[in-house]
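Sequences are here, hints too, so could you generate the full structure?
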Amino acid sequence: MYKPLLSPGHTACAGCGQALAARLVVDIAGPKVIVVNNTGCLEVFSTGYPESSWEVPFIHSLFENAAAVASGVESALKYLGKAEQINIISQAGDGGTADIGLQALSGMWERGHNILSICYDNEAYMNTGVQRSGLTPPGTNTTTTPVGKFSFGNIRPKKNMLEIAIAHGISYVASATVSFPRDLQKKVKKALSLRGPKYIHIHCPCPLGWRHDPGLTYAVAKLAVETGLFPLLEFEFGKLVNVYKLKEPKPVEEYLKLQGRFKHLLSPEAKEELKRIQEIASLNIERYHLLAE
Amino acid sequence: MKEYLEGSQAIAKTVALCRPGVISAYPITPQTHIPENLAEMVAKGELKAEFVNVESEHSAASCCLGASATGVRAYTSTSSQGLLYMLEVIFNIAGLRLPLVLTCANRAVSAPINIWNDQQDSLTARDTGWIQFYAETIQEAVDLHLQAYRLSEDKRILLPVMVNLDGYILTHGYEVVDIPEQELVDKFLPPYQLDYKLDPENPLTLGVLAGPDYYLETRYAIQKTMEEVLKIIPEIGEEFFKVFGRKSGGLVEGYFLEGAEKVIVAMGSVCGTIKETIDELRNEKERVGLLKIITYRPFPQEEIYQALKDIKEIAVLEKAVSLGGFGPLYTEIKALFAGKKESPKVSGFIAGLGGRDITKGSLKTVFEKLSGRQTDCEFMDLNLSPNSQR
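If you're matching them up, the sequences are chains R and S in order.
The first sequence begins at 1 in our numbering and counts up one residue at a time.
The second sequence begins at 1 in our numbering and counts up one residue at a time.
In case anyone wonders, no lab produced these hints; they're calculated from the structure.
With a straight-line Cα cutoff of 20 Å, these simulated PhoX-like cross-link-like pairs (lysine-lysine) come out: (1) K309(S) / K334(S); (2) K197(S) / K78(R); (3) K32(R) / K197(S); (4) K44(S) / K78(R).
Only a predicted model underlies this, so the values are computations on that prediction, with no experimental measurement involved.
So, in structure tokens, the structure goes:
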């Protein structure tokens with residue numbers, strides 16, 4: 001009988017993309033794993049004392065230090081001669097990965113620890129109530145980039161975490177999404193089969209912060225891929241080895257219109273903004289050769 | 001074996017004798033010689049350990065946290081800004097009830113930047129749930145490190161220990177030090193055994209979320225353990241004496257307290273200078289003494305009270321200050337006598353900040369000042385010439 005390693009009964013919101021992604025990750029990693037988690041929704045909804053959803057050893061320390069804690073775990077396992085038998089996953093949200101946790105993550109990658117880092121990217125600080133992060137896309141309405149007479153929401157593009165990871169010369173870098181669960185699990189499995197640091201960046205819709213129907217999590221995440229806004233890529237030793245091809249990319253409006261955080265972009269005044277976002281998708285399609293032959 | 005060693009070298013040798021499996025530290029003056037020495041031992045194969053070159057003190061402490069939680073003895077050291085930078089992790093390690101030993105080479109805190117000694121760094125970390133020791137000599141620092149691991153890993157305790165030694169004065173000073181034999185250290189310090197750790201055979205969740213229904217009890221538990229620690233430190237001191245034949249460490253140490261009228265209370269290397277000053281003044285029939293605080297956390301209030309209750313004039317001499325308030329040690333010692341019928345006159349003095357020498361002359365002045373009016377927070381050896389005021 002199937003027994004998930006992240007048990008149900010936790011307190012994640014209905015339709016939480018991160019809860020889904022985290023279960024897919026730990027299930028395929030299997031029981032011989034130690035999970036190190038930065039502060040964020042995932043740790044909060046799964047470890048409220050006296051309960052825990054984790055069926056594998058799990059440690060949460062602080063917001064920004066999971067990669068460093070994981071480095072200590074890995075070094076300890078090496079010392080104990082158990083490094084070959086146990087996988088280590090260091091995971092965080094987008095803030096814990098790309099903002100406050102980037103230094104520790106960079107240090108861990110550079111030192112070459114045998115650890116898989118996972119970023120559950122829901123594109124804002126959702127645990128504290130939807131504030132903008134370095135991975136919030138342009139045009140997003142968040143509580144710290146509100147839409148108003150002088151604002152169309154967040155200004156800057158998403159920090160390119162895949163390129164940052166690749167720049168560290170690590171063995172495996174990939175993007176994945178909850179809407180392609182088999183692809184996601186295949187990538188985790190592959191990453192864990194390789195030595196050294198690995199990075200998987202997972203797109204996880206947040207119905208609360210993205211303001212979409214909780215039943216649409218899967219559909220919204222799928223549209224992010226199909227518009228070219230969130231391409232599914234796989235790099236080995238810096239070389240692009242695999243992309244998910246698009247037969248006919250969908251216009252970004254189809255993705256945006258399902259989400260309250262982008263509602264303002266569909267008004268006539270936001271025409272230029274909308275164009276800018278379509279350009280991001282088009283650039284991705286061109287850059288990563290996403291079009292099917 | 002007795003050797004003529006630099007303080008940092010003596011600490012590194014002692015740490016190596018404790019067989020840590022993971023060492024992680026980040027360079028900061030004046031602590032750096034300690035990890036350098038340890039890295040060399042690992043490189044030469046003299047010490048079997050993972051030496052992790054992290055990118056910050058925050059990660060050094062985090063790396064040790066992870067190692068300790070995985071069931072491996074860990075070690076780190078730092079100073080000043082480094083300790084402040086890791087302070088968030090310092091709280092976290094104690095809250096997780098993880099054993100760890102950290103050496104703090106005490107140094108002033110910026111701004112202005114100053115690499116010389118005072119104790120503002122570690123005193124800022126007094127509320128973290130760490131046990132804190134202060135060493136007077138390199139030998140005492142060596143002995144306190146051995147006791148620190150024993151104490152930290154004691155199943156009744158499971159709290160981290162910070163061993164403080166004055167930067168430069170002890171880290172770069174040379175002394176003849178008795179470095180114990182490996183065999184004796186192994187006898188004194190059993191292998192690291194943690195019951196609650198990260199292990200796929202027995203999956204546990206560490207670092208949980210505890211709401212208002214549970215958090216208070218976790219802090220209470222540390223507070224109660226700290227009370228136990230006050231009883232266990234002398235017990236471990238006894239065992240240390242049995243194994244190494246040397247009395248060292250403890251809660252407090254008195255020097256000429258019997259019949260003393262004026263006593264200085266202090267921590268760290270300045271106690272050596274104070275002892276010499278007392279020797280000179282005793283020759284002049286002055287009834288002066290010293291109470292050295294070795295264990296600052298947990299605060300040995302009963303021992304301090306008993307040692308000081310019959311003294312007329314007390315000076316608390318500190319290398320740290322709570323700006324806008326008083327010296328932290330002064331505040332606590334003063335509080336010990338609040339509401340008591342007979343109470344000594346307790347005065348507070350701040351000295352030696354940023355490496356300013358505390359000479360025998362300044363210490364004699366402190367004793368002299370005790371005959372005058374009580375002061376709360378008097379800065380010693382100030383140079384308030386027009387130039388320095390600007």
